[in-house]
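J.: Line by line, the protein sequences are chains V and Y. Numbering-wise, my numbering comes out as the position in the first sequence, counting from 1, plus 1424. Numbering-wise, my numbering comes out as the position in the second sequence, counting from 1, plus 1424.
If you are wondering where the hints come from, they were derived from the structure by calculation, not from laboratory data. Certain hints may be false.
Since the list gives no way to pick out one identical chain from another, each pair is judged satisfied if it fits inside one copy or across any two copies.
Unchecked claim - Okay, derived cross-link-like pairs now, SDA-like style, lysine to any residue, Cα gap no bigger than 25 Å in a straight line:
| id | residue 1 | residue 2 |
| --- | --- | --- |
| 1 | Lys1511 | Pro1625 |
| 2 | Lys1511 | Thr1621 |
| 3 | Lys1511 | Thr1545 |
| 4 | Lys1511 | Leu1606 |
| 5 | Lys1511 | Val1605 |
| 6 | Lys1511 | Arg1618 |
| 7 | Lys1511 | Gly1604 |
| 8 | Lys1511 | Gln1613 |
| 9 | Lys1511 | Ala1465 |
| 10 | Lys1511 | Leu1570 |
| 11 | Lys1511 | Pro1498 |
| 12 | Lys1511 | Arg1547 |
There are 2 protein chains.
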Amino acid sequence: MGRQGLGALPREEAGELLVDAAVEVLAREGARGLTFRAVDAGAGVPVGTVSNYFTGRDDLLRQIDARLHQRLAPDLEVLGELMRAPKDRGLVTALMHDLMARVTGDRTGCLALLEMRLEATRRPELRASCTESVRADLEQGMEFHLSAGLPGWDETVAVLYLAMLGLVLEHRTLPDVLDGVLPGVGVPQGLVERIVTAVVPER
Amino acid sequence: MGRQGLGALPREEAGELLVDAAVEVLAREGARGLTFRAVDAGAGVPVGTVSNYFTGRDDLLRQIDARLHQRLAPDLEVLGELMRAPKDRGLVTALMHDLMARVTGDRTGCLALLEMRLEATRRPELRASCTESVRADLEQGMEFHLSAGLPGWDETVAVLYLAMLGLVLEHRTLPDVLDGVLPGVGVPQGLVERIVTAVVPER
Chain V
1425 MGRQGLGALP
1435 REEAGELLVD
1445 AAVEVLAREG
1455 ARGLTFRAVD
1465 AGAGVPVGTV
1475 SNYFTGRDDL
1485 LRQIDARLHQ
1495 RLAPDLEVLG
1505 ELMRAPKDRG
1515 LVTALMHDLM
1525 ARVTGDRTGC
1535 LALLEMRLEA
1545 TRRPELRASC
1555 TESVRADLEQ
1565 GMEFHLSAGL
1575 PGWDETVAVL
1585 YLAMLGLVLE
1595 HRTLPDVLDG
1605 VLPGVGVPQG
1615 LVERIVTAVV
1625 PER
Chain Y
1425 MGRQGLGALP
1435 REEAGELLVD
1445 AAVEVLAREG
1455 ARGLTFRAVD
1465 AGAGVPVGTV
1475 SNYFTGRDDL
1485 LRQIDARLHQ
1495 RLAPDLEVLG
1505 ELMRAPKDRG
1515 LVTALMHDLM
1525 ARVTGDRTGC
1535 LALLEMRLEA
1545 TRRPELRASC
1555 TESVRADLEQ
1565 GMEFHLSAGL
1575 PGWDETVAVL
1585 YLAMLGLVLE
1595 HRTLPDVLDG
1605 VLPGVGVPQG
1615 LVERIVTAVV
1625 PER
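This is chain V alone, in the form it adopts within the complex (with noise of 0.2 Å):
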């Protein structure tokens, strides 16, 4: 933080800036790092600062999951703009590129999910409410290709989303693994074509 501190921000805007300092610590140290004492030391502020902002670490885990989740929602107008093209494969490709560049472009928030999905395993409650909203995206990204008349079925939506969940995976943690794997396809993008190609039905 700069010279004027937390107080001077709206508490909103504050509490943000802490959870955005979170999911670098997170990124960084693992879950086990993300305490309070290394928050408040990843965003500069006077030891304690975080403790008047979240009732623990469990409210901690939630708002770092409800940012993570605004972080790499999709743009509405790019979103928009794109779906003014014919509701074909290539539409289903390009929607693919633009998941795939917000996900991996936000190196950080991406590491800081998947740490968040290794600490659920320890932790029944951030089970829970991660469950919850990753189900509620893949529910609504079924509803969505279903009802934009996109080619395929609620089964094509689902082994589509593993594929790029394995792939985002391989390519935020071990990228090399895939480099050059396959002769000419670059690596992610050339990929999620090969991926959208192999599972989404042409028509």
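Chain V is already provided as a structure; the job is to place chain Y on it using the hints.
T.: Then chain Y, alone, in the frame of chain V:
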């Protein structure tokens, strides 16, 4: 450890016990919780024992990687039995069922592997060795698929690999996301069938 302690075992066997204890610590506590002292405690051996077996944390991580690779590897006898079937999509499904059963059956090993991936984003040396082992597996999978005459091409194997990776991540960290999302499709094995049907050509 029992009363006799590690000293009663051949050095190699004792080392393997300690690596398995380290895998448990990694899955339970996350990468940052993986200290020699935590492994001493997890293995129930005197403080300082682990430092007699590994030159440092990098050495321990490398040996965990090798051990997980071994724990999750296919049973060659099972594989040989499976490969007597016709080389069609049904066989690919059977092979993926076997893979999924191995990986999700070893919950701790699977979570430890995911922790290793995240730790690899922080440690270039670990990233290099994990990349090498995962890449070798993927290339071997491609070669196996083609030389066995299974349906599809390198791209098929790459997309199949990514979808299975996504399924493993989802099922091991947020299993309820997928539960019932496709009515009548069991998780994970029913989803394995849907993945293969979507990705692998019939002939």
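J.: Look at each hint and say if it fits the structure.
T.: Verification of the hints:
1. Taking the shortest Cα distances, Lys1511 and Pro1625 sit within 25 Å of each other both inside one copy (12 Å) and across copies (24 Å).
2. In this assembly of identical chains, the alpha carbons of Lys1511 and Thr1621 lie at most 25 Å apart whether taken from the same copy (15 Å) or from different copies (23 Å).
3. With identical chains, the CA atoms of Lys1511 and Thr1545 are never at most 25 Å apart, being 38 Å at best within one copy and 38 Å at best between copies.
4. For the homomeric pair Lys1511 and Leu1606, the shortest alpha-carbon distance between copies (23 Å) is at most 25 Å, but the shortest distance inside one copy (28 Å) is not.
5. Taking the shortest Cα distances, Lys1511 and Val1605 sit within 25 Å of each other only across copies (24 Å), while inside one copy they are farther apart (31 Å).
6. Taking the closest pair of Cα atoms, Lys1511 and Arg1618 come within 25 Å of each other both inside a single copy (18 Å) and across two copies (23 Å).
7. For the homomeric pair Lys1511 and Gly1604, neither the shortest alpha-carbon distance inside one copy (31 Å) nor that between copies (27 Å) is at most 25 Å.
8. Within a single copy, Lys1511 and Gln1613 get their C-alpha atoms as close as 20 Å, which meets the 25 Å cut-off; across copies the closest is 31 Å, which misses it.
9. Proximity of Lys1511 to Ala1465 under the C-alpha cut-off of 25 Å is found in neither arrangement, the shortest distances being 49 Å within a copy and 58 Å between copies.
10. Taking the shortest alpha-carbon separations for Lys1511 and Leu1570, only the intra-copy value of 11 Å comes in at or below 25 Å, while the best inter-copy value is 34 Å.
11. In the homo-oligomer, the alpha carbons of Lys1511 and Pro1498 lie at most 25 Å apart inside one protomer (18 Å), although the nearest pairing across protomers, at 42 Å, exceeds that limit.
12. Taking the shortest Cα distances, Lys1511 and Arg1547 never come within 25 Å of each other, neither inside one copy (41 Å) nor across copies (44 Å).
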